[in-house]
Amino acid sequence: MVMRAAVLIQMWYRKYVARMEMRRRCTWNIFQSIEYAGEQDQIKLYNFLGYLMDHFTPSSSERNLICHIFRENEVCRDAEWERYFCYKNIEIPEVYSGPHLTFPLTASQAAGLVESFKNKQQLHSRYVLQLLLETWKLLRILPNINRVSTCHSKEISICGDLHGQLEDLLLIFYKNGMPSMEKPYVFNGDFVDRGKDSIEILLILFAFLLVYPSDVHLNRGNHEDHIVNLRYGFTKEVLGKYRVHGKRILKLLQKIFSWLPLATVIDHKVLVLHGGISDATDLSLLAKVDRHRYVSALRPPKKKPGSEDQLSMDSDMEDDSWISRVSAGTRRRASLTYMKPFASRNDFQHRSLQDFSRHIIRPLREEPKDRRRQAEFTLSSQDLLQCSSTDPDSCQPGDVNHEEWKQIVDLLWSDPMSQDGCIPNEVRGGGCYWGPDVTEQVLSKNHLQLLIRSHECKQEGYEFCHSRKVRPPASLHICEGSHETPQEDRQSAMGGWRWLELAVLTIFSASNYYEVGSNRGAYITLGPDLIPHLIQYQASSMTRELTLTQRVGWTEHSALKVVREQLFAHRSDLTGAFQEFDKENTGMISLNDWARAVEAVLHLGIPWRVLRSQLVPNAPDGMMNYRSWFRELAIKEPDTEHIHQALLETVYRHRSTLETIFRIVDTDHSGLISLEDFHQTWKLLSAYLKMEISDEAISNLAISIDANRDGCIDINEFMEAFRLVDKSRLETGNLFQRSTATASRQTHLHMTSLHLTNLHVSCLQHSSHVTKRYVTKLSVKSLWLTSTLHLKVIFHSSPHVVLYSMTREESFATASFALMCQLEKEPD
Amino acid sequence: MEEENKEAVISEIHRRIAEAFNVFDNESSKSVDVREVGTIIRSLGCFPSEAELHEMIAEVEEEEPTGYIRFEKFLPAMTKVLMERKFRPIPKDVLIQAFEVLDQEKKGYLEAEELKKYMTQEGEPFSQDEVEEMLSAALDNKENVIFYKDLVSKMTFEDL
Numbered sequence: 001m002v003m004r005a006a007v008l009i010q011m012w013y014r015k016y017v018a019r020m021e022m023r024r025r026c027t028w029n030i031f032q033s034i035e036y037a038g039e040q041d042q043i044k045l046y047n048f049l050g051y052l053m054d055h056f057t058p059s060s061s062e063r064n065l066i067c068h069i070f071r072e073n074e075v076c077r078d079a080e081w082e083r084y085f086c087y088k089n090i091e092i093p094e095v096y097s098g099p100h101l102t103f104p105l106t107a108s109q110a111a112g113l114v115e116s117f118k119n120k121q122q123l124h125s126r127y128v129l130q131l132l133l134e135t136w137k138l139l140r141i142l143p144n145i146n147r148v149s150t151c152h153s154k155e156i157s158i159c160g161d162l163h164g165q166l167e168d169l170l171l172i173f174y175k176n177g178m179p180s181m182e183k184p185y186v187f188n189g190d191f192v193d194r195g196k197d198s199i200e201i202l203l204i205l206f207a208f209l210l211v212y213p214s215d216v217h218l219n220r221g222n223h224e225d226h227i228v229n230l231r232y233g234f235t236k237e238v239l240g241k242y243r244v245h246g247k248r249i250l251k252l253l254q255k256i257f258s259w260l261p262l263a264t265v266i267d268h269k270v271l272v273l274h275g276g277i278s279d280a281t282d283l284s285l286l287a288k289v290d291r292h293r294y295v296s297a298l299r300p301p302k303k304k305p306g307s308e309d310q311l312s313m314d315s316d317m318e319d320d321s322w323i324s325r326v327s328a329g330t331r332r333r334a335s336l337t338y339m340k341p342f343a344s345r346n347d348f349q350h351r352s353l354q355d356f357s358r359h360i361i362r363p364l365r366e367e368p369k370d371r372r373r374q375a376e377f378t379l380s381s382q383d384l385l386q387c388s389s390t391d392p393d394s395c396q397p398g399d400v401n402h403e404e405w406k407q408i409v410d411l412l413w414s415d416p417m418s419q420d421g422c423i424p425n426e427v428r429g430g431g432c433y434w435g436p437d438v439t440e441q442v443l444s445k446n447h448l449q450l451l452i453r454s455h456e457c458k459q460e461g462y463e464f465c466h467s468r469k470v471r472p473p474a475s476l477h478i479c480e481g482s483h484e485t486p487q488e489d490r491q492s493a494m495g496g497w498r499w500l501e502l503a504v505l506t507i508f509s510a511s512n513y514y515e516v517g518s519n520r521g522a523y524i525t526l527g528p529d530l531i532p533h534l535i536q537y538q539a540s541s542m543t544r545e546l547t548l549t550q551r552v553g554w555t556e557h558s559a560l561k562v563v564r565e566q567l568f569a570h571r572s573d574l575t576g577a578f579q580e581f582d583k584e585n586t587g588m589i590s591l592n593d594w595a596r597a598v599e600a601v602l603h604l605g606i607p608w609r610v611l612r613s614q615l616v617p618n619a620p621d622g623m624m625n626y627r628s629w630f631r632e633l634a635i636k637e638p639d640t641e642h643i644h645q646a647l648l649e650t651v652y653r654h655r656s657t658l659e660t661i662f663r664i665v666d667t668d669h670s671g672l673i674s675l676e677d678f679h680q681t682w683k684l685l686s687a688y689l690k691m692e693i694s695d696e697a698i699s700n701l702a703i704s705i706d707a708n709r710d711g712c713i714d715i716n717e718f719m720e721a722f723r724l725v726d727k728s729r730l731e732t733g734n735l736f737q738r739s740t741a742t743a744s745r746q747t748h749l750h751m752t753s754l755h756l757t758n759l760h761v762s763c764l765q766h767s768s769h770v771t772k773r774y775v776t777k778l779s780v781k782s783l784w785l786t787s788t789l790h791l792k793v794i795f796h797s798s799p800h801v802v803l804y805s806m807t808r809e810e811s812f813a814t815a816s817f818a819l820m821c822q823l824e825k826e827p828d
Numbered sequence: 829m830e831e832e833n834k835e836a837v838i839s840e841i842h843r844r845i846a847e848a849f850n851v852f853d854n855e856s857s858k859s860v861d862v863r864e865v866g867t868i869i870r871s872l873g874c875f876p877s878e879a880e881l882h883e884m885i886a887e888v889e890e891e892e893p894t895g896y897i898r899f900e901k902f903l904p905a906m907t908k909v910l911m912e913r914k915f916r917p918i919p920k921d922v923l924i925q926a927f928e929v930l931d932q933e934k935k936g937y938l939e940a941e942e943l944k945k946y947m948t949q950e951g952e953p954f955s956q957d958e959v960e961e962m963l964s965a966a967l968d969n970k971e972n973v974i975f976y977k978d979l980v981s982k983m984t985f986e987d988l
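Going down the list, the protein sequences come from chains A and B.
Position 125, counted from 1, in the first sequence is what the numbering used here calls 125; the numbers after and before it change by one each time, with no gaps.
In the numbering used here, each residue's number is its place in the second sequence (first place is 1) plus 828.
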């Protein structure tokens, strides 16, 4: 009897857990889709602009708008650069309370810098430029491939992607110690973008690099690239923090990024690089390239003289040998902004650069032939003529070597896959997917035993893959984000044999990357035995106490918000599709038909039926009212009645691309563009998206934004004006004016709907359990009342997170304290 | 007419199964890790016991187990399960009765230690992870006990 009861309970509980896991996985896939779609879009956009560059006459206005982003290989003499980046004239005002640096940098200064950033201080631009110049000088003498050894029983620590999340770096330093001669580090790329403290992370890493050049090693990541930075926030961050000198800082960083080493080899046995490898990876070739010529890994090499279309990753794909290697069928899930999945190689071809020619009145070019094999490119007199009239700097003989370029892109952009082989990485748009056979090939050819890479977010902060015989498994330490002592070692839950045979280790150091609670971060320590020890952490100690339900719920809410926005942004098309199923125009369709319609319109590869209950909450008897459903999606549009619906939907669907083009067009990085350039931006976008947009519609748009009629549009204001806002968030936000201790949880604080940035919190009285704290205007990461009435506030300032916690013992009924809260601007 | 309806039902079932399967098929290779199959089956609304699950896996595995389950084999087996409504959901009251069996003193709640003991020693035992996770979700912090009636309400989903 007892046994039966137990079995029943166990069955039920396991079902619940499985359901949760399904939801978590869906959410994860959505976030990952969005991330990769953005990367892919960026590459496509860049290629598109490159195409335009090559096919417009020199005097064309579009060319002028965008040519400056292609002026990478400018060759000036060092003296000229020194003058441009000169910091000596920059004065430090008396009121400056941030850190002061003297060069050569010392260890205590580097540690001091960490401390300052922890305290939210900002380094003055004079010191920034100085530090960057010193870094540039140092990087230029480093080889492409760092070679490191664990002699003298030194353990090496290896960190993955940080993505501007300073909290995580501070946590790593706290747990593992700062870099020093006894504590060498390898940082494996993607230091910047997405997080909000990218420049601070760079400054810390460079400072330690300058102090310990033999013990700190930096590998370049795909985000150490100014083109990618335009979209992913680093450019914006620098310009925001350094209004006067930001542009110079960015330019200097462009150079520094191009000089970052490509890989690190430890004890001749362990290869550490950011993205991955391909079947063509040749370490000896990579050791010899002029890596700094590849300022952006996205920069395709120059085309052949008088030839057809540009060499690019797209034209790569048309190569017959690629086509024969790939099986039909979607490789990975479809991207979230591109409507059609990559069904087959033919489809992919349609989206190549060649298609753009239809929108540009030019004679159609011939299809390029086998580009892949062509190595060198030589200038013809024709090309020289074309170049000299506009961009004397951008055409240099023997500029860029296609083979080399591909090697570098593969290193920075590739991802592993479980099947054998090597195929183009369509999802990201660059690099490839490589299989276990390629791992075996490259490792054995170079006498290596382990490949450590980053580039992909992993839920546990790390992941092994690709079978191969290696040493016994590592022990696993799990430590939470607090100053408590670590828990006991415990064996991983993975089965025994898989651990023994894995040759590729992905390490990702940005915890809570997609959302609070979404994933752990991890770093590796490697001793002379070359067995990787993994240490996990999560920057918010609160998450450890969240139950599975809460963690999943929180992250899911964010992911679903994005999905809802996409649904909203395709309202016209969706309504049309729904009506196909509703011939009698009753306004109702079945849930099955809803799923079919949404799938047909959006092509996002999202499991609509799995998510149905969250996306269509009101559906009695399996029927839903699609007209009211859009209202219930609870997305609030800005006041945009006078603007054409199709144009609006375009903005919602392609925000990121639009913003990127704005930033490209904004050549002086002022944040403002002229009305004329605004028009040009839209024309570019409409060509890129192959849409018709009337001049009149664009004019209306411009007028509605340029409220003060000064002929200029503020980019940030424009993007803000068209932000879709989660209605539920707005409503609860306003209610949260003053909450007393007696407030019960149903009044306003619904866990999943709060996302404040700044909060004034004051604790007016205290009970014996609570220390009186008075704090003002701290930047809040998240806040909620849990189901057990814990009020937890997570602030950015403290890596250990919980600043104020009220437990049930104090209880709302008896404690006498009040929270005065004031809302500030909604976050991004 | 009957035939048509049946066809429609089956094709809708196929779509549901395909969707759930694809969530775990990261590389669009039409196969998933065998360790995820339990999650997929359960998320489609079924309540198999561990034993039943292993049986099903054995049925859909390759002759020489590769560690992956292919969609081709999974689809027909799963369709059958859903059509026959095998592994039905457990009604709430039955579940509560099960808890009441364990709650010998009829207190209306279970002590943490009590539940832990049952879950790890009886039936198809939980692993350490599973029981800890359950306790963290189920425990009423103030009293350190589990009010199972509340728990059942909280953790029961609408069926698909």
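Mixed in with the good hints, there may be bad ones.
To be verified - Computed cross-link-like contacts, SDA-like style, restricted to lysine to any residue with a CA-CA straight-line distance of at most 25 Å: (1) B:K920 - A:S613; (2) A:K241 - A:G112; (3) A:K690 - A:I34; (4) A:K583 - B:E832; (5) B:K914 - A:E21; (6) B:K920 - A:K255; (7) B:K858 - A:Q40; (8) A:K583 - B:V837; (9) A:K175 - A:E134; (10) B:K908 - A:E21; (11) A:K44 - A:R627; (12) A:K255 - A:R243.
Keep in mind the hints are simulated off the structure, nothing from the lab.
> Is the Cα-Cα distance between K583 (chain A) and E832 (chain B) 25 Å or less?
Replying inline: holds (20 Å)
> Taking only the CA atoms, is the gap from K44 (chain A) to R627 (chain A) under or equal to 25 Å?
Replying inline: violated (35 Å)
> Given the hint that K858 (chain B) pairs with Q40 (chain A), does the C-alpha gap stay at or below 25 Å?
Replying inline: holds (24 Å)
> Holds or violated: K255 (chain A) with R243 (chain A), Cα cutoff 25 Å?
Replying inline: Distance ~20 Å between K255 (chain A) and R243 (chain A) Cα, so the pair holds.
> Given the hinted pair K908 (chain B) and E21 (chain A), is their alpha-carbon gap at most 25 Å?
Replying inline: The hint holds at about 24 Å.
> Are the Cα positions of K241 (chain A) and G112 (chain A) separated by 25 Å at most?
Replying inline: Satisfied, since the Cα-Cα distance of roughly 20 Å is no more than 25 Å.
> Does K583 (chain A) pair with V837 (chain B) here, judged by a C-alpha cut-off of 25 Å?
Replying inline: holds (21 Å)
>> Next pair to validate is K920 (chain B) with S613 (chain A); report whether the Cα-Cα distance is within 25 Å.
In response: holds (20 Å)
>> For K914 (chain B) and E21 (chain A), compute the direct alpha-carbon distance and say whether it is at most 25 Å.
In response: holds (22 Å)
>> Does K255 (chain A) sit within 25 Å of K920 (chain B), going by the straight-line distance between their CA atoms?
In response: violated (65 Å)
> Within 25 Å, alpha carbon to alpha carbon, are K690 (chain A) and I34 (chain A)?
Replying inline: Given that 25 Å is the threshold and the Cα spacing comes to 21 Å, the pair holds.
>> Checking one constraint from the list: CA of K175 (chain A) to CA of E134 (chain A), max 25 Å. Satisfied?
In response: Roughly 29 Å separates the two Cα atoms, so the pair is violated.
Violated hints for the displayed structure, listed by number in ascending order: 6, 9 and 11.
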